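Chains as they are written, first to last, in the working numbering: chain R, 1 to 330; chain U, 1 to 330; chain A, 1 to 330; chain E, 1 to 330; chain F, 1 to 330; chain X, 1 to 330.
Simulated from the structure, these hints should not be mistaken for lab results. The model shown is predicted, which means the values in this text are computed figures rather than measured ones. The reader is advised that the hints may include incorrect statements.
Copies of one chain are not kept apart here, so a pair can be met inside one copy or by any two copies together.
[To be verified] Keeping only pairs whose Cα atoms sit at most 20 Å apart, straight-line, the calculated SDA-like set for lysine to any residue is:
hint : residue 1 : residue 2
1    : Lys-126   : Gly-323
2    : Lys-119   : Lys-219
3    : Lys-204   : Gly-325
4    : Lys-52    : Ala-174
5    : Lys-204   : Ile-328
6    : Lys-6     : Glu-228
7    : Lys-52    : Asp-78
8    : Lys-204   : Arg-330
9    : Lys-160   : Gln-179
There are 6 protein chains.
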Amino acid sequence: MEQDHKLVTFGETMIRLSPLGHKRLEQADRLDVHVGGSELNVAVAAQRLGLKASYVTKLTRNPLGRMIANKAREHGVDTSHIVWTDEDRVGLYFVEFGASPRPNTVIYDRRDSAIAGIKPGEVDWKAVFREASIFHTSGITPALSESAAEATLEAVGAAKRAGLKVSIDLNYRARLWSQARAREVMTELVEQADILITTEEDTKRVFGIERESYEEVAKSLAERFSLEAVAITLRETMSVWRNRWSAIVYADDDIHRGPSFEIEIVDRVGSGDSFAGGFLFGYLEDGPAAGVRYGVAISALKQTNPGDLVWATREEVERLLGGGGLRIVR
Amino acid sequence: MEQDHKLVTFGETMIRLSPLGHKRLEQADRLDVHVGGSELNVAVAAQRLGLKASYVTKLTRNPLGRMIANKAREHGVDTSHIVWTDEDRVGLYFVEFGASPRPNTVIYDRRDSAIAGIKPGEVDWKAVFREASIFHTSGITPALSESAAEATLEAVGAAKRAGLKVSIDLNYRARLWSQARAREVMTELVEQADILITTEEDTKRVFGIERESYEEVAKSLAERFSLEAVAITLRETMSVWRNRWSAIVYADDDIHRGPSFEIEIVDRVGSGDSFAGGFLFGYLEDGPAAGVRYGVAISALKQTNPGDLVWATREEVERLLGGGGLRIVR
Amino acid sequence: MEQDHKLVTFGETMIRLSPLGHKRLEQADRLDVHVGGSELNVAVAAQRLGLKASYVTKLTRNPLGRMIANKAREHGVDTSHIVWTDEDRVGLYFVEFGASPRPNTVIYDRRDSAIAGIKPGEVDWKAVFREASIFHTSGITPALSESAAEATLEAVGAAKRAGLKVSIDLNYRARLWSQARAREVMTELVEQADILITTEEDTKRVFGIERESYEEVAKSLAERFSLEAVAITLRETMSVWRNRWSAIVYADDDIHRGPSFEIEIVDRVGSGDSFAGGFLFGYLEDGPAAGVRYGVAISALKQTNPGDLVWATREEVERLLGGGGLRIVR
Amino acid sequence: MEQDHKLVTFGETMIRLSPLGHKRLEQADRLDVHVGGSELNVAVAAQRLGLKASYVTKLTRNPLGRMIANKAREHGVDTSHIVWTDEDRVGLYFVEFGASPRPNTVIYDRRDSAIAGIKPGEVDWKAVFREASIFHTSGITPALSESAAEATLEAVGAAKRAGLKVSIDLNYRARLWSQARAREVMTELVEQADILITTEEDTKRVFGIERESYEEVAKSLAERFSLEAVAITLRETMSVWRNRWSAIVYADDDIHRGPSFEIEIVDRVGSGDSFAGGFLFGYLEDGPAAGVRYGVAISALKQTNPGDLVWATREEVERLLGGGGLRIVR
Amino acid sequence: MEQDHKLVTFGETMIRLSPLGHKRLEQADRLDVHVGGSELNVAVAAQRLGLKASYVTKLTRNPLGRMIANKAREHGVDTSHIVWTDEDRVGLYFVEFGASPRPNTVIYDRRDSAIAGIKPGEVDWKAVFREASIFHTSGITPALSESAAEATLEAVGAAKRAGLKVSIDLNYRARLWSQARAREVMTELVEQADILITTEEDTKRVFGIERESYEEVAKSLAERFSLEAVAITLRETMSVWRNRWSAIVYADDDIHRGPSFEIEIVDRVGSGDSFAGGFLFGYLEDGPAAGVRYGVAISALKQTNPGDLVWATREEVERLLGGGGLRIVR
Amino acid sequence: MEQDHKLVTFGETMIRLSPLGHKRLEQADRLDVHVGGSELNVAVAAQRLGLKASYVTKLTRNPLGRMIANKAREHGVDTSHIVWTDEDRVGLYFVEFGASPRPNTVIYDRRDSAIAGIKPGEVDWKAVFREASIFHTSGITPALSESAAEATLEAVGAAKRAGLKVSIDLNYRARLWSQARAREVMTELVEQADILITTEEDTKRVFGIERESYEEVAKSLAERFSLEAVAITLRETMSVWRNRWSAIVYADDDIHRGPSFEIEIVDRVGSGDSFAGGFLFGYLEDGPAAGVRYGVAISALKQTNPGDLVWATREEVERLLGGGGLRIVR
């Protein structure tokens, strides 16, 4: 039961390698292979709920590039607009799973990936946006390189011209660019956006916004950038493997609160992205209150799956929202 | 150090397949293989404690059927009365391990298994019950098919005639039959039983019995069906991976309470069955108070083992009952 | 670089479970999970070479059903015409890998699968065949049940009416139907076909055709059924893990011979299907000589991949056809 | 379909640990766990074919000891006469799988195992041999220690007195005792035996017998020790992973030759033992010609299973003897 | 950035085998391989922080012996003073990971290891102690055998003569010797020591010291044995997988308290040893307050690594001491 | 028993990732982790035989960099001269294991590794070469970058000045540089060398030398570059998993032939490097005939180990040279 809407997302997906059994990377003899990247994660969450999604990136024609496109298609995401190149390389990242008091660690090896070398003009956005209703990217994509920042601005401009809504996840990555540069570029992007998804902390780091409550932060962002909706995810870290998770959205002069779940974490990487995918689905389906509910529920479930991508179904998300409980489902 | 008693159990065992590392079934590339079925689980728990057990079922002559008999024998359970057939098939079930807020999920693929096709007359119960002192089955066996219900009634009747005690675990499975049909058949079975093992919830679903406390439920069941003992297991689900577990038994006009354990769950499937096996052992050894103590302790340990079958020893069970503590045992 | 042609295939895909490390199924503690079924295997081989493929089947709406569709899409195969149902079940099969003198063994547990219950009218063939140029199925599909045989005949008829070529792989499965019934149904199907893919042995078992050479067999089939091409795959089994593999095709009154490869087998299941996929690609691209070359090469490579599905690329197939050699490719 | 005969075997079983994927032990991060010991291997092969087997050993009451008894029972072998002790320890051995030109390597860590400490009088042989028809042990058991040698002699004597046939596998282990001591003890044992199973090489090392052909060796042994049957296994090692395997038996003044198989080795440890189990089954069933046929076939199949124990069925053995071929069995 | 100091440790390292996925040893099909032994664990923790360490033991010249030396060197520990022998054997131990209410279990199989047979005179301590500043051993080494006790006394005497500080971890192992014998030998050893590391419980068992608080215990030990520093580790076991961990040290007439961490345990074996390694590093670097801080932090991190050996870096330890937090480190 | 000689090698080591079970990289869910690089492989082979080796490279201070140094030390190789940097990155490479007719495939992802950025002056060669007798590098090191070529020339010059012999493995990598540039740089390097190790094919590609036999090639190289020894490895590829392997060396106006082994390949990556390590050991020990014997034997054994590094011992190498045979070593 798919929606009539169609989402387009744009960004980098990397091969993700992680040691098994809580081993440190330094002692690893085997690595689990997943694929993950913020905007693909969003597309997968949306598609699984029923919001058709197309994912745009630039990939090297080699087994690792193919693996990324394969996994997107495995979840039903359209990959027909991916730009293929013979240029190296496919970015990688390593995840070490911690345990209190040792936090999870991510080591990126993404420099000089094919998508970092993307330039305006390489994607035929007009074709991509045909029949699409919403475009989503995050602050990671423009942070990849100067030319990637230009290509992101090109994409957002094209989306607006094609009549799409634009959704941005702030997603600040300190290893990729400075706060000053992030502020400059993200301001330009968010000014064209309709929807902003972020955390209190990123808002502070990128826009320097601090308020007494996250509700105030959301309202302040909505006003500064004339946004129709601002969603903020909320995580309380009781321990590495036990978190509390929720979100709010400010829209229509109102705060809509999502449910709050205590989570036995299996893999928290990509939870914000699953929230975004679920939020966009719900928002397009039935407004901000539905958005924050679907967003929190699917991202809570995502944290109980290994890998960046969520494997929940719409039925499972709705069961959780309906107060499903923890008994064995037989 | 075995008891002089001998237990006979009767029911279905399936091949159990479960993804590793909390993967969803949909994303599984490998599956762990176990065998499990309520009545085999009971036999194994009893046998490991020292109550000799014989397991009766009907199995297809193929590697999966042999695997089930092998695993029963691995734990010392007698398999000489299993009915072998060339008819397909061996039932399967899939377990997905969840993590809060995602519950564990069980998907059955057991339709048309060999045991579901069993009919009265296929087992020589007279031979089976020679030298046996107690017969146990659960509400799953008669739920498998009409003919399996008849075969179960035949078995219970034969057990009574042979002078055995009869123990029934109510074990209601909504996917297998309706509450109405369950009530009808289970009433006929429990009326012939001496011991009933159940949960508050199953009692309500099958017999419509609701009382202010589970103690009252047990008493009420004992009275309605003239049972010598009614045991009720108690689980508090703090999270998918942290539960509190205990049980009570009503017998001799008295409530006997088992110990209560906080459990770091490894695999909770089969805990009620291990309780039953431990309870029968203790009950035959030293009455209801011993029964509930052995039952709770072995089933608490079972929940820290992967698979449906318990691997504890009598010595470990008694160490736990003696207040063993959590220090490393060297 | 895709062809303009589009292939539609129709049949059953099962979940395939196989023990690791040459273990017998009876001793397995883990099972590798793959998906496989003759017509999906064909679609994947074709799609990987550049012949767009759409796969039609009937699947249960559960994680196993979704896994099958996911894996088809992972390889780029269109799944939009799959019929989804709430009826059980997804068929399974078990593969035990042997070693000389122990042959590989396959145990099917496919009875009562959703696709076996398919009836004429459940698939909108008119929509499926829009823009398609060729339809392929095998002798397994009509063997699943009486209604599946009718549905297969319906599909072939619709394909002819829609102007598609029809390709049939004889694929006789003795466990599914008798030779007499196979002959009856397959005669009706092959009479409508343009292309037949088979082995000398299946031809003998189904149609009773025996000739002095496989070239004569191919010619005889072409004549009896007025086929434009008959392909016969040839396997010489030096040992379980070392085979020689080739094929011939009779078309245009001529025998076209494929290359012959000595193969260090990794997994031979599905090789005939990969041949069919490669053959159809090459045949549509450049006639029977190209067909037999692509067919043999991609199916030789398939036998060096674990799983039923082939993971080779067109570039690798052509490198092999160009005499690639066995040196490390760096 | 079991025979009326019953076999008793006596010896040591160890926990066997082997690195995966051809890793050297020095580089191993994981070890596969099996159990294996010559006389248990014999019992399992016999039992799987239908010759009831009881295995006698002495085991430490700990998880490793229990694992050995469990695995015996898993295959249906009777373990009720095992002697349990609180004394340490369970012997271990490590297997490194080689590849030409690196041979397989076995490292024993069996010193001071519980069975090595066995003394005459610890086993109630009279009870053990009740209803038994044949007793089997190998040259490893008396080599474990002086007291184990005495216990072996006690067992053989008791077997003869109880009217059992006695079967001995020469099995010389140079690490356990000298050739001189082996000759002394084995002479005493074989003089009481009815059946001897060996290799040309062991015969030479223990008894100093060299003849022009292995047929002559067998005849010479039969004559020297008044044996009713002497079986000699024959291995040609083309490479570590490809061997040719056969056997002959001298009995009734005649040489009976078993079939000869080219084997793609998966795990050759325990092949001689599987031969012995199969030989004894066939010999009791139908004389020496049957013995050598069953012996060669089951031990050929054993070499395609991981672990010391064979997992073949009587049906599979007979299929191989009937010229089963290497096609996939579906 | 290494210190100028050099640590020498002396004791036994075993091959450690543990089932995966919380399996009981009795049900294990695979075992993870690690190496571990108290004094090697100390050396590794120290070396990783920057205190050069040399490890002395006696090892059999076989793959298991080499593995132990390899793993020491992998962490940078000097192995040039290891005594190599052709005598068997390398000790083993098995770890079963529990879950509440089942504690972790350790089964030793270390009897008759090469190091247990060490005698005075086998190590050239004069050469070993050249350029070294501190010697560490534990109560396990003298407990291995009478001759090992003598060799330990020889080592401590040589260390004192060479002007080294001597550090002892009390580490009482009830399976290896009696409390009476432990008290006798450990008194002689601790009287020559400068630093004692222990737990309240071991102090009570070995020296019979009980005080109102662990601070009093430490002070009392320091006074009785004229020690310059006494460290006591403190563990609160909320559950098998959740512990609180800290330590204190008494030195210079003062109690220095380490930080306290709530730990999500991955593997707690070897935590006391990592504390000792970290303590010695910090103590030599900057006195007792630094010692207890480094000791607690590195041993807290150790408990989140699989295996006995710690894989943390000095930078990670200092990040934790600086209040690193549980956010993902990117 | 170490030699008095000491070897220094210089080059890049990468993290090597390879799918399990013959999976294609595109289908991998897990990757085995090894480390490998030509010159480290040489150092390890030499060190294991008894020729002390020190390995020089430039590594990033992160877990991957540490893993490379750890693994070198695990084999006893000195790592004290490694240059550590905060600059990214550690190079990676992927190995896909093929099976006939699919060759093994290597995909490099080594661009911009730390060692590629090395410049003259970063290594204190004078200190490195103290007490060393021979320096070895390969044609890969200068191919990494212009500055790496300069650093290699610096190293060779310093080695000559310090009185070391210089050994070069030609090792042409077409992906790293052109034949023209390789010829230019390698000529300059080989002119300063004493020993050259190569294959007929690389000689042709780099120096354009073609002769009637490889003996002539070796002689011609020795003459052109005034070398004291030229070794040529010889591989015959019967299939991907079955090769024949040998080598010759030209020295003292004579051809010395190594033994020839048929190899059941487990992992052929790094065989040439193990040859070099074994050759240098034997050559320094006892001249060219010994060199070629040790070189061929250790590299034959290496091909039966997973990973780039060899795990054989001197004893095993000599057993093979003594005609060890393929029987199980017990």
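Verification of the hints:
Proximity of Lys-126 to Gly-323 under the C-alpha cut-off of 20 Å is found in neither arrangement, the shortest distances being 43 Å within a copy and 43 Å between copies. Proximity of Lys-119 and Lys-219 under a CA criterion of 20 Å is satisfied in neither setting, with 34 Å inside one chain copy and 54 Å between copies. Taking the shortest Cα distances, Lys-204 and Gly-325 sit within 20 Å of each other only across copies (19 Å), while inside one copy they are farther apart (36 Å). Neither within a single protomer nor between protomers do Lys-52 and Ala-174 lie at most 20 Å apart by alpha-carbon distance, with minima of 32 Å and 35 Å respectively.
Taking CA atoms no more than 20 Å apart as the test, Lys-204 paired with Ile-328 passes between copies only; the shortest distance there is 18 Å, against 42 Å inside one copy. Taking CA atoms no more than 20 Å apart as the test, Lys-6 paired with Glu-228 passes inside one copy only; the shortest distance there is 19 Å, against 44 Å between copies. Proximity of Lys-52 to Asp-78 under the C-alpha cut-off of 20 Å is found in both arrangements, the shortest distances being 8 Å within a copy and 15 Å between copies. Taking CA atoms no more than 20 Å apart as the test, Lys-204 paired with Arg-330 passes between copies only; the shortest distance there is 18 Å, against 46 Å inside one copy.
In the homo-oligomer, the alpha carbons of Lys-160 and Gln-179 never lie at most 20 Å apart, since the shortest distance is 26 Å inside one protomer and 52 Å across protomers.
Hint check: violations occur at hints 1, 2, 4 and 9; the rest are consistent with the structure.
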